[in-house]
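Put together the whole structure using the sequences plus the hints.
Sequences listed follow chains A and B, in order.
Using our numbering, read the first sequence as starting at 1 and increasing by one per residue.
Using our numbering, read the second sequence as starting at 1001 and increasing by one per residue.
Treat the hints as calculated values from the structure; they're not laboratory data.
Keep in mind that a hint or two might mislead.
[Claimed, not checked] Listed below are the simulated BS3-like cross-link pairs for lysine-lysine, each with C-alpha atoms no more than 27 Å apart in a straight line: (1) B/1091 / A/204; (2) A/204 / B/1130; (3) B/1167 / B/1177; (4) A/256 / A/77; (5) B/1167 / B/1130; (6) B/1112 / B/1177.
[Unchecked claim] To list a few chain B residues with every Cβ distance to chain A over 12 Å, as calculated: (7) 1063; (8) 1100; (9) 1327.
[Stated by the list, open to error] With the Cβ distance kept under 8 Å, some of the chain A side facing chain B (calculated, not the full set): (10) 21; (11) 215; (12) 219; (13) 227.
Every value quoted in this text rests on a predicted model; they were computed, and no experiment measured them.
C-beta: ideal position from N, C-alpha, C; glycine also.
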Amino acid sequence: MSADFAAIAPPSARRVRWSLDHADFLGSLLVAPAILFIVCLVAVPFFLAIYYSLSAYNMGTLSFSFVGLDNFIAVTKSEIFRRSLMNTLLFTFASNAIALVLGKIAALLLLREFRGRTLVRCLLILPWAVPVALAAITWRWMLDSMYSVINWVLVHSHLVPAYVWPNWLGEETLAMISIIVIQAWRLFPFSAIIFLAGLTSVPKTIIDASYVDGAGYWRRTFQIVLPVILPIMMVAMLFGLVFTFTDMSVVYLVTKGGPTNSTQVLGSLAFQVGILSGDVGRGAAISLYFFPFLLVATFFLLRYLRRREI
Amino acid sequence: MGQVIARRLRKEFGEVAAVDGVDLEVRDGEFMVFLGPSGCGKTTILRMIAGLEQPSSGDIVIGNRVVNALPPRSRGIAMVFQGYGLYPHLKVRDNIAFPLRTQGTPREAIEKKVTWAASILGITRLLERKPRQLSGGEQQRVALARALVREPTVFLLDEPLSNLDAKLRTSARNEIKEFQRGVRTTTIYVTHDQVEAMGLGDRIAVLEHGKLRQVGTPSQIYEDPADTFVATFLGAPPMNLLERGELIEGFRPENFLHQDLQQKGIQSARYAFTVQRIEYLGNERILYGLIDGQRNGAEYTARMSSHVSEPVLREGETYPFTVHPKNLKYFDKSTGKRLPPARNEGRA
Chain A
1 MSADFAAIAP
11 PSARRVRWSL
21 DHADFLGSLL
31 VAPAILFIVC
41 LVAVPFFLAI
51 YYSLSAYNMG
61 TLSFSFVGLD
71 NFIAVTKSEI
81 FRRSLMNTLL
91 FTFASNAIAL
101 VLGKIAALLL
111 LREFRGRTLV
121 RCLLILPWAV
131 PVALAAITWR
141 WMLDSMYSVI
151 NWVLVHSHLV
161 PAYVWPNWLG
171 EETLAMISII
181 VIQAWRLFPF
191 SAIIFLAGLT
201 SVPKTIIDAS
211 YVDGAGYWRR
221 TFQIVLPVIL
231 PIMMVAMLFG
241 LVFTFTDMSV
251 VYLVTKGGPT
261 NSTQVLGSLA
271 FQVGILSGDV
281 GRGAAISLYF
291 FPFLLVATFF
301 LLRYLRRREI
Chain B
1001 MGQVIARRLR
1011 KEFGEVAAVD
1021 GVDLEVRDGE
1031 FMVFLGPSGC
1041 GKTTILRMIA
1051 GLEQPSSGDI
1061 VIGNRVVNAL
1071 PPRSRGIAMV
1081 FQGYGLYPHL
1091 KVRDNIAFPL
1101 RTQGTPREAI
1111 EKKVTWAASI
1121 LGITRLLERK
1131 PRQLSGGEQQ
1141 RVALARALVR
1151 EPTVFLLDEP
1161 LSNLDAKLRT
1171 SARNEIKEFQ
1181 RGVRTTTIYV
1191 THDQVEAMGL
1201 GDRIAVLEHG
1211 KLRQVGTPSQ
1221 IYEDPADTFV
1231 ATFLGAPPMN
1241 LLERGELIEG
1251 FRPENFLHQD
1261 LQQKGIQSAR
1271 YAFTVQRIEY
1281 LGNERILYGL
1291 IDGQRNGAEY
1301 TARMSSHVSE
1311 PVLREGETYP
1321 FTVHPKNLKY
1331 FDKSTGKRLP
1341 PARNEGRA
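As structure tokens, then:
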């Protein structure tokens, strides 16, 4: 019967039906927009950046002369670059470690039943959902040298004497601590949500079994729950680390890398050198510097996860 | 001493009483099965015995101690969970060793006990594997080994076979029975499967809606059901129930015979049975039909061995069927409770 219908149908309708019935054709058609999107917005800029980093391209000359690894070598020799590199590592690992601990605590609190839990869950997402510019401005006010509300609280609770309060963004160590805390504050809702998802996915019988087997809180947490949710946590950590490593928004909006480059990170330095100062080649070299390391680290982490999947 | 007693045990979840005043004694060394439909409270009782749930009221006694205030680890129990609850990230060896490690057992002693438990359950060659690499039956044995190493006074098993396919379930059931015969430890086994319950239990406790309906040996439960619930919950197909004025009369399908097949010279109860459908099950046939004078729609069943060739029965025909008087049970119509046999004789 269906063959008869195909014979009656006009040729164009037949062609449409043919294409809808063939997975190869229809599949390619449906996936094409996504591929186009990735090529235009990820692949092209990425390869362009590689090309820039290997050339002496700047806003003044606009010439694409190939210079090999000169940009990378020059960058490596730069004092500010090395300082930024150390800052980036410290900033990334410290803020992620804090976010992880805070996330775990928040997740445990949110697992309990209490009044208004839904509201608290919504509020918890805010640091992550709020636009970073808005959050940065608020933090700048809270850490302001004159009008800091944090200092006001410290003074009024007699923890620090008046007029000699800490100058949060004006002193090197304090500035670093400040941006680490802000970044941790931004990241922890994400890690809390991942933790929450992980914790609720642990089968209840395993928890029950650990009670019957006599495990106390610490043993249950560190020998049962955390190992079981480790794969999911690793993915969250990977996201957090890569995200922080390549990010400049908090640093740029709160301290602009200062005072005296003490909070400069690779992202903000690349922006400063490549865009603000116009040395595109060198900026590209800075931002690509750690790409191979991130790539290798990600590769091994994902491979480890796939092997160990439980 | 592995005796377990529940005294006026009650557990409420919100406004619902999941367990509603249960009194029960499990004797030392006994294999006790808690049987009932889902939601009857059997698992909740087990979890209260384990210490995973707190009773709303009432006491739990294990050995000679009231254990209400004790955490699970101090109760001398070991539990096998539905789905086994093996730790997925630990090797079989470490799964079995886990309850010993929490007690701070010295390393050599742990090694010895794990080897011992593994050899009893025949899983020595699996010790270095992860749970996910094991079949359902092997996982069950690991769970039993993990329970065994603690040398508990009571084993608690919560529907341990429900994740296995039908064929494996039969062999796993035998293994559990053998295992319990070997270790002679008091065992409480929760299931909703009557075949498991009948096959495994020294005694069976039948529960419904949080209440204990009857405790007895499998044959007591089957032959002398305490009420209409127990009568219809056990047996497939269940006991036939007929209204007889203030009473309910019950008899099992296998005792519902064509009059030609009944013992001669017995004054048996007679029924006009209209056969509607015959189900052929290989060794036997199940006849579904109506009994004259009973309310509409109520279907009754008779079982007939396939070896019996006479009389030939056809669908749609009515035949004289009989029940031997000793196989008739009577229940109170309002309470559903079984009436003492003395009263039966007057009726028959």
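Hint-by-hint comparison with the structure:
no.: 1; hint: B/1091 / A/204; result: holds (20 Å)
no.: 2; hint: A/204 / B/1130; result: holds (19 Å)
no.: 3; hint: B/1167 / B/1177; result: holds (16 Å)
no.: 4; hint: A/256 / A/77; result: holds (22 Å)
no.: 5; hint: B/1167 / B/1130; result: holds (24 Å)
no.: 6; hint: B/1112 / B/1177; result: holds (25 Å)
no.: 7; hint: 1063; result: holds (17 Å)
no.: 8; hint: 1100; result: violated (9 Å)
no.: 9; hint: 1327; result: holds (43 Å)
no.: 10; hint: 21; result: violated (38 Å)
no.: 11; hint: 215; result: holds (5 Å)
no.: 12; hint: 219; result: holds (6 Å)
no.: 13; hint: 227; result: holds (4 Å)
Checked against the numbered hints listed earlier, the structure breaks hints 8 and 10; every other hint is satisfied.
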